[in-house]
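Number of protein chains: 2
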Amino acid sequence: MAIELKNLTKRSENYSQWYNELVVKADLAEQSAVRGCMVIKPYGYAIWEKMQRQLDDMFKATGHVNAYFPLLIPKSFLSREADHVEGFAKECAVVTHYRLKNDPNGNGVVVDPEARLEEELIIRPTSETIIWNTYKNWIKSYRDLPILCNQWANVFRWEMRTRMFLRTAEFLWQEGHTAHATSEEAIEEAKKMLGVYADFAEKYMAVPVIKGVKSANERFAGAIETFTIEAMMQDGKALQSGTSHFLGQNFAKAFDVKFINKNNELEYVWATSWGVSTRLMGALIMTHSDDNGLVLPPHLAPIQVVIVPIYKTADQLKVIDDKVAPVVDALRAMGVSVKYDNADNKRPGFKFADYELKGVPVRLALGARDIENGTIEVMRRDTLEKQTVEFAGIENYVKNLLEEIQTNIFNKALKHRESMTTTVETYDEFKEQIEKGGFILAHWDGTPETEEKIKEETKATIRCIPLDGDKTPGRCMVTGRPSAQRVVFARNY
Amino acid sequence: MAIELKNLTKRSENYSQWYNELVVKADLAEQSAVRGCMVIKPYGYAIWEKMQRQLDDMFKATGHVNAYFPLLIPKSFLSREADHVEGFAKECAVVTHYRLKNDPNGNGVVVDPEARLEEELIIRPTSETIIWNTYKNWIKSYRDLPILCNQWANVFRWEMRTRMFLRTAEFLWQEGHTAHATSEEAIEEAKKMLGVYADFAEKYMAVPVIKGVKSANERFAGAIETFTIEAMMQDGKALQSGTSHFLGQNFAKAFDVKFINKNNELEYVWATSWGVSTRLMGALIMTHSDDNGLVLPPHLAPIQVVIVPIYKTADQLKVIDDKVAPVVDALRAMGVSVKYDNADNKRPGFKFADYELKGVPVRLALGARDIENGTIEVMRRDTLEKQTVEFAGIENYVKNLLEEIQTNIFNKALKHRESMTTTVETYDEFKEQIEKGGFILAHWDGTPETEEKIKEETKATIRCIPLDGDKTPGRCMVTGRPSAQRVVFARNY
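Chains as they are written, first to last, in the working numbering: chain A, 781 to 1273; chain B, 781 to 1273.
These are calculated hints, taken from the structure and not from any lab test. It should be emphasised that the depicted structure is a prediction, and the values quoted were computed from it without experimental measurement. You can take every hint at face value.
One copy or two, it doesn't matter: identical chains are merged, so the pair holds either way.
Heads up, simulated DSS-like pairs for lysine-lysine below, C-alpha to C-alpha not over 27 Å straight-line: (1) K1017 with K1251; (2) K830 with K840; (3) K1192 with K1138; (4) K1138 with K840; (5) K971 with K1195; (6) K1126 with K916; (7) K1216 with K1251; (8) K840 with K920; (9) K916 with K805; (10) K1195 with K1211; (11) K805 with K920; (12) K1126 with K920; (13) K805 with K1038; (14) K972 with K1119; (15) K972 with K1033; (16) K1126 with K1038; (17) K840 with K1126.
Here chain A stands alone, though its shape is the one from the complex (with noise of 0.2 Å):
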């Protein structure tokens, strides 16, 4: 019973062997025959759809729409943006060949040569190129704009060191990448998608976000200005979320996209593009779970609520069955999610570990002496809480329970966030500091050479200048010099 949970490390003696394991054993990824890569397990899987089924509503309720863009973008498109190139280059797989042929030696199939393509292509890390080299053909007028595009798409970077959901050499993400009129317009643009993916950080992934605007160095390759939402983990490191980037006119001058003003001249198209991955999946695992498996928030939990029958003979089954089956039918049209796991083969003790484990919100159990009291017992996953509370009414009592644990684990997330952010005045303070983890709020002279040197001499990066908040001006901690408003700093994923 319930072996493979014991198992599992605990947080406070190896936050990151805890995360490995835990990622495994609650079935939501494992790591493929091809170095970097994940197969994402039904389980896993059925959490990332909830999520692309939220956000894609969401971003068409903000007026955008699908499209589906190539995989493979030509080479020379890579290097048309200076930045971007220098960016993405480094870590791309290269298609060089069209063909396989069985080896002459008789050993299975080899790189046929004479099958060397002209020009090299690179399977996407982003598609900022390929869709401005597109987007070519829809733009004439200021009538064509704006183009408010998403894309649902794998990408490939070749990360050296990968972690399941984090970092991975293949992901999954989406990509929104609009044209616009103004330079006005596109940024507001940028801003409203960091609102979305705030939003739903928040509300459904329970993750409390702060959003921000990057420094110098840690901007896209290729925009102007970088915003990020950035959580904080249990461990006290940051994890960039999600970003939103205002791009300027910088791909539409590498890709020669003009269009007619409504004063008649000829003017290049300004841009954004956004994006969260399966890297989300991450932040979700690492910002709630603890000791005894994942916990996940009930807007985005596969699986809900868990019904386990505690029973002896088939006839108390039968009779808890009975007693079930309205409870059943009542959750899923009130929209809840609900199993009833009457398996035969597992005992009532290892399905408890097992949906622990696998965090479903809310578990019932039904036994002979709670149907001659009319009672059930509940217990919630975010407490661990056992209680025993009368079964009429039951569903409403879930459904209300559902929200209370959604909001109780954000609180949870929010409070940890706060407990671990401080201020600080002096370098000496942040370099003390910054070994306890979290957030440091301090300030900075903006130029990139101090932000190398505290990197450097701390491992602290800045996640974000942030748009809310404090905005009192100040001396940088390490130069002196003036600075505008305190940024955040932190060690990150």
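Chain A is already provided as a structure; the job is to place chain B on it using the hints.
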């Protein structure tokens, strides 16, 4: 007004050109900068999304779950199954390097020769190999079976001659991969999923299909048996629209996937795989559309109803706006997707032609005279018939009309197929008939040689050995040898 539309080639003039033009003019897809790869535009993708959603619901209703497996497959995996490598090695995209670097001569970026992979990776043409390599770790005992996984993914086959949706190098699809304890169960699964495909084609796409078994020549590389659904296009050519394979133990043997069966014996696992792709978009377009543009089945149309106001003054428009608003609400409440197009920058005639081109099933038009008379004009896209009906109760009228159109276009396609299906006794008759197109039911001796001869001499292939219908034995039209039943021949896409 409707300038683009006027340029659409007529089907009778050049069916193939009509198709190519329609795909572009109706904003479904366009060629990309990468040979053989298309961009699926938002309107085309919206149709594909509706297909996906419906298929996904049907897969889940039959007990399947989604997962995600890597895009790249180690080259050696392909060689493990002898037939499979023959079928797929010849047309694959090969990744040989993992990095680019700046060209020492200053010409952009070049492949870094030092970043050569030890073993080349193939972009998946289909995923049996990587999935069965994964299943090896998931399956120990009959208790782990069945595994019923599906994946929505992009795949890549280096096709020499491509046509949008029908045959592209990269395409989108779903691939189901199931693992079973017995041969019987696997065959049942393969047939069940063929049934799901046939239901989807007929009830949602309104495309009648023949269910059957492929001859050995046309079988999937690595399958024991391939089941297929075959549709008839308006030009009398067949389109294979979905396949479901019984793979026997071939992939289990290739990847050494064994399980302990109920008799406590070690046995190889039984497999199926099944897939449909963006090719279905081609079937949808070619089955129903006409010289005015797309005709979409209401069950898959992104916009089912469009309402166009006919007005001269802003006051008139205001009156129409107010009249239409509750109709829009009522239709949406009934689950009908409706667009009220009161955009001021296009004339009604242009809008009419555009929505005709895009295949919107029902168009409503409302003018000042209609308001006076309490009427509204209804145009149905399938027959292009216009009718003036009472405004009161228009919601129910439209709802019923959508179902009527769905049924009508299916029946029209079925009638067309029946009119294009002939039964022949002799090979001479066959050769004459095949020039006229359509399905030909004829006796065949069951040998690959005879099939090959017919293909060479007439360009016709055996589309399938039908599962349903007449099973009377006879004599092969070519060799006179015994034939168990008539099979379906056609020229095909």
